[in-house]
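Asker: Each chain, letter by letter, is given below.
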Amino acid sequence: GQQLNQSPQSMFIQEGEDVSMNCTSSSIFNTWLWYKQDPGEGPVLLIALYKAGELTSNGRLTAQFGITRKDSFLNISASIPSDVGIYFCAGSLYNNNDMRFGAGTRLTVKP
Amino acid sequence: EAGVTQSPTHLIKTRGQQATLRCSPISGHTSVYWYQQALGLGLQFLLWYDEGEERNRGNFPPRFSGRQFPNYSSELNVNALELEDSALYLCASSPGTGRFPGELFFGEGSRLTVL
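Sequences listed follow chains S and C, in order.
Residues in the first sequence are numbered consecutively from 1, following our numbering.
Residues in the second sequence are numbered consecutively from 1, following our numbering.
No false leads were slipped in.
A partial selection of chain S residues facing chain C, derived with a Cβ cut-off under 10 Å: (1) GLN6; (2) LEU33; (3) GLU41; (4) VAL44; (5) PHE88; (6) MET99; (7) GLY102; (8) ALA103.
Hints are computed from structural coordinates only; laboratory data are not their basis.
The structure presented is a predicted model; accordingly, all values stated were derived computationally and were not measured.
All C-beta atoms, glycine included, are put in the ideal place defined by N, C-alpha and C.
Same shape as in the complex, but just chain C (with noise of 0.2 Å):
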């Protein structure tokens, strides 16, 4: 069974410009979240998305956004690019609230480079 794929792997952009990333869930889950990584930091809460609905969002500006689609794939928006922008992008998987709550599954992320 394939695990969660998220594209593209690496991604250059510069200030100012905008990035999507993509990440597509383990067959079966419903629930998709996207955390940001930066670099030596920990993992930091961005998105939640169940059942093709906004759940909840971390404390991101709105320039941050995404949407999930009905076969529960996900997009991550990231608008108007800062340098500090610069991160590691998880998204992660689960079979959807109330089952097992917690047990994500990650994918390897998309690293995002701002220049």
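Chain S on its own, in the form it takes in the complex (with noise of 0.2 Å):
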């Protein structure tokens, strides 16, 4: 099956800083999501992506569907100590459901 990878796997970061983690895939996917979770929760869907090169933000967040449709990045400007959680990719393949998840990227946010 396709296979997402995500990186970096975990982050400390000081309160104030911008964070940039990004996913690549060896297949090419026509949807590329955004999904954060907070501990003891399900994730929660942040971005959702639909067409290669799309620029999206959401407040602090901004994300991009790369234009090869392989990858896909997502920044976090001027965190916050409520940033905190993992952060996880998915993509899609045909338009459909059948959704996928990179392996997370856990965010420490330091006061």
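Please assemble the complex out of the two chains, which come individually in their own frames, going by the hints.
Answerer: Shown next as structure tokens:
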């Protein structure tokens, strides 16, 4: 099946710093999404991308769907303590709901 | 509107036993997904149901099975439990194939511990 490689595996940053994480695939995806999982909860959708080259923002979060359709990145600006959690990229083929997830980036924000 | 609900929240079993986990999707959603999240690891795709049919399954042995009922709720069964089956099992729902693909709404999960 398609593999999603997400990096970095973990990040330790100071409050106020910007964060960047990315996801690459060996397959072409038609949809890229980014989710966040808080401790003890299920993942929650942050941003959905449906077109190659698309750049979308949601508050302090910005994500892009790579031109090659094989990668995506998520940036978080001016991090705050509540940004702590695990961030997952996810992708699907053929414009359907068969979603696959990356291994996650664990973000720790030091006050 | 109620979100995705899963039960039980926690389940403790011993090796060789069977576990049944349940999921109720958001009202109006026809697709249900199951994922396994072992401690510290990512989400591994288990099963996808839509309109009562199994659409796809991940790379898991046949002792992982499930079904979707006419009301779109779903059940995940794990037979002959092994220690490595200990994990958080997450259920997610979506409106259905072709509609906002990929926008999954997750429940809080059922934590299965196998002793």
